[in-house]
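S.K.: Below, each chain spelled out in residue letters.
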Amino acid sequence: MKERRLLLVEDNPVDEALILRALEKDEVCDRIVVVRDGERALEYLLGGESESSRKCRDMPCAVLLDLKLPRINGLEVLRRLRAMERTRLVPVVILTSSKEEKDMIEGYSLGANSYVQKPVEFDEFAEAVQRLGHYWLKVNEPPPCV
Amino acid sequence: MRKGCVMISELRILMVEDNVTDAGLVCYELEKLRRPFETRRVESRDSFLREMKAFNPDLILSDFTLPHFDGMSALEIAQTICPDIPFIFVSGTIGEDLAVKALKKGASDYILKDHLLRLAPAVERILTEIEESQKKTVMKAALREKREILQAIFHHAPIAICRTDASGIIVSWNIMAENISGWKAEELAGEPISKFMGEKADEIEDLLKITLRGATVEGAEIRGSRRTGELVDLYLSASPLRDAEGQIFGTVFTFIDVTEKKRALDELRIHRENLEELVEEKTGELKQAHRKLQKTVARLSAEVEERKLLQVHLEKKNAELADFAHKVSHELKSNLLTVKRLLECVTYDPDFVKKNSAFIADATSKLIDFVEKTLQHARAERPAITIEELPLASLASEAFESIRKQDVAGSLVLGEHMPKAKGDVQAMKQIFRNLMANSFQHRSNGNSNNVVVEVSCKKSADHVQITYRDNGPGIAPENSEKIFDVTFTTKKSEIFGFGLSTVKKLIEAQGGKIHLSTRRKEPGVEFIMTLPR
Chain A
1 MKERRLLLVE DNPVDEALIL RALEKDEVCD RIVVVRDGER ALEYLLGGES
51 ESSRKCRDMP CAVLLDLKLP RINGLEVLRR LRAMERTRLV PVVILTSSKE
101 EKDMIEGYSL GANSYVQKPV EFDEFAEAVQ RLGHYWLKVN EPPPCV
Chain B
1001 MRKGCVMISE LRILMVEDNV TDAGLVCYEL EKLRRPFETR RVESRDSFLR
1051 EMKAFNPDLI LSDFTLPHFD GMSALEIAQT ICPDIPFIFV SGTIGEDLAV
1101 KALKKGASDY ILKDHLLRLA PAVERILTEI EESQKKTVMK AALREKREIL
1151 QAIFHHAPIA ICRTDASGII VSWNIMAENI SGWKAEELAG EPISKFMGEK
1201 ADEIEDLLKI TLRGATVEGA EIRGSRRTGE LVDLYLSASP LRDAEGQIFG
1251 TVFTFIDVTE KKRALDELRI HRENLEELVE EKTGELKQAH RKLQKTVARL
1301 SAEVEERKLL QVHLEKKNAE LADFAHKVSH ELKSNLLTVK RLLECVTYDP
1351 DFVKKNSAFI ADATSKLIDF VEKTLQHARA ERPAITIEEL PLASLASEAF
1401 ESIRKQDVAG SLVLGEHMPK AKGDVQAMKQ IFRNLMANSF QHRSNGNSNN
1451 VVVEVSCKKS ADHVQITYRD NGPGIAPENS EKIFDVTFTT KKSEIFGFGL
1501 STVKKLIEAQ GGKIHLSTRR KEPGVEFIMT LPR
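Those protein sequence lines, which keep their order, are chains A and B.
Residue numbering for the first sequence follows the working numbering, starting at 1 and increasing by one per position.
Residue numbering for the second sequence follows the working numbering, starting at 1001 and increasing by one per position.
Check before you lean on any hint, since a few could be wrong.
Covered, in the sense of this in silico footprint (three residues per stretch, anywhere, with C-beta under 8 Å from a C-beta of chain B), are these stretches of chain A [to be verified]:
#, stretch
1, 82 to 94
2, 108 to 115
No more than 30 Å apart at the CA atoms, straight line, and that leaves these computed lysine-lysine pairs for DSS-like [as the list claims (entries may be wrong)]:
#, chain 1, residue 1, chain 2, residue 2
3, B, Lys1316, B, Lys1422
4, B, Lys1316, A, Lys68
5, B, Lys1373, B, Lys1327
6, B, Lys1327, B, Lys1317
7, B, Lys1355, B, Lys1366
8, B, Lys1429, A, Lys99
9, B, Lys1373, A, Lys102
10, B, Lys1292, A, Lys68
11, B, Lys1366, A, Lys68
12, B, Lys1327, B, Lys1429
13, B, Lys1429, A, Lys68
14, B, Lys1429, B, Lys1366
15, A, Lys99, B, Lys1422
16, B, Lys1327, A, Lys68
17, B, Lys1316, A, Lys99
18, B, Lys1316, A, Lys102
It is worth saying that the hints were derived from the structure and are not from the lab.
The beta-carbon is built from N, C-alpha and C at its ideal position, and this holds for glycine as well.
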């Protein structure tokens, strides 16, 4: 059985703490990997000089991707993920504070599987994260390895 | 009284005769005339008078002696009333003298009664004479009429006509010719035709010769002179006149005055030439105007292009501004959301908040810092600049001390000779602070945390050059221009790079310039700034 792993791409440390807290409470997640910018995210998933290339079975069940990242922004990360065979199918959930329509359109066009706007209220935020965790780790079937 | 017409109808004969027998004999003779005739006979003066009026005879045959009347009286009366009616005495012998007298008095003939045979032929002769003379009269009248018409045509023709004889002597000269030439017909009659041309006679003499040889001249244009000496242009034709045998007996010349026409034509020609000149001139002007227009069009097109470019530039600036605003909003929002969420978390999980309380402080300081930097940046757009002498060395030192962090080793190296520059003290201080803050923040980890900053100065003719160096990782050459853009940053935690943008604005506000030097070999940045002297 595949390890229930999530990749969180988030640069804001407070948001990161809140998300981790929410997921830990729910206890659905076996492991959460956190990277703080787009470059690191690509390194993790596609492998760079410092990491060996990730094998399919080690792919996370879903990627929680913030859009406002320093250096390479979230949408660019998504584009590059979808361009590579290895990461073409991995579920990507955009989790962002942006409500911009053009970000939504671009996100979906690039192949995001879901778009979630971070709720402003703390309790709603926590609930949303728990629901996401539950859905993508328990309910959704990750793509098979090809 | 009837006059003038040839008698076709009955001849009316009035007989003055008392003897009926004699009258009968006369009538018998008159039968030989083979003309229808009617006779009446009178014996007395009264009846004679009466019948002269009433009968209106064409011929009177009278005896010489009558009992109550006499032939001579009748003759007198007839001569008085109507002398044209032929009066023939038909009588016995009266003697030669009386006969001659009678004839002298106006009788047409004297016939002896003994020789009546002579009557018919005499009457015939007389009647024929009358008829002939009447014909002549009629013909003469007709002829005169014709001649009058011809004269009228000749004289009043709307063209000058001149007739000459076979040697060129003028015979006729019509009114138009008089008008044109100024010579009256009487003055030229008998003169050679060249007379009226004055000095320029040879042309017309040549034409005369040609015509007299039998040729017709049609439409010769010759120049002559009027009697006054005034020059005149004539359009002339001439032809020979031939008699019944075809011999040339003279010439006829016709001409019209075309002086006016010629003048008008000349004027027209001049006009046309002038017009052509004018047209050329105007065409030249038009061409020039056209060229000017083309130049204007070209200029306007260039302006339009410029405007287009400007518009594109403005649109780009607008987009940049929108982007900037967008990023500002995000920056503020994200920090505020962080604070908000953590504070809300207090009621649910106070331990979690305690653990992460540093984040609250962090977020709030970031907000304050951001607001300040934005203010700074906005101020830099319109800074209050006071140009005075800059103590560069002390400004650099002060800035270094305020920026330097306690836990990081750093040193400032100043150039040996710092010439005096002119600028705004506060602005220069800010510039140094921002540059140094960057140097500290971007310092290389490998240099055992020792930040070395070098500030040196040199002067040239019209400006002072300030060089800033550090020993950090430097900036990639391809970013050498972007780094001054407010939305460019390489810092992981920031979306804005206010620092260098502010530096550029401040230096430019003092009339100076800044650029990143790409020639340095050692690692680290090198900024070259200039200030005018």
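S.K.: Decide, hint by hint, whether the structure agrees.
M.R.: Structure-based check of each hint:
| no. | hint | verdict |
| --- | --- | --- |
| 1 | 82 to 94 | violated (count 0) |
| 2 | 108 to 115 | violated (count 0) |
| 3 | B:Lys1316 with B:Lys1422 | 35 Å, violated |
| 4 | B:Lys1316 with A:Lys68 | 23 Å, holds |
| 5 | B:Lys1373 with B:Lys1327 | 14 Å, holds |
| 6 | B:Lys1327 with B:Lys1317 | 15 Å, holds |
| 7 | B:Lys1355 with B:Lys1366 | 19 Å, holds |
| 8 | B:Lys1429 with A:Lys99 | 41 Å, violated |
| 9 | B:Lys1373 with A:Lys102 | 29 Å, holds |
| 10 | B:Lys1292 with A:Lys68 | 58 Å, violated |
| 11 | B:Lys1366 with A:Lys68 | 17 Å, holds |
| 12 | B:Lys1327 with B:Lys1429 | 28 Å, holds |
| 13 | B:Lys1429 with A:Lys68 | 34 Å, violated |
| 14 | B:Lys1429 with B:Lys1366 | 23 Å, holds |
| 15 | A:Lys99 with B:Lys1422 | 49 Å, violated |
| 16 | B:Lys1327 with A:Lys68 | 10 Å, holds |
| 17 | B:Lys1316 with A:Lys99 | 24 Å, holds |
| 18 | B:Lys1316 with A:Lys102 | 19 Å, holds |
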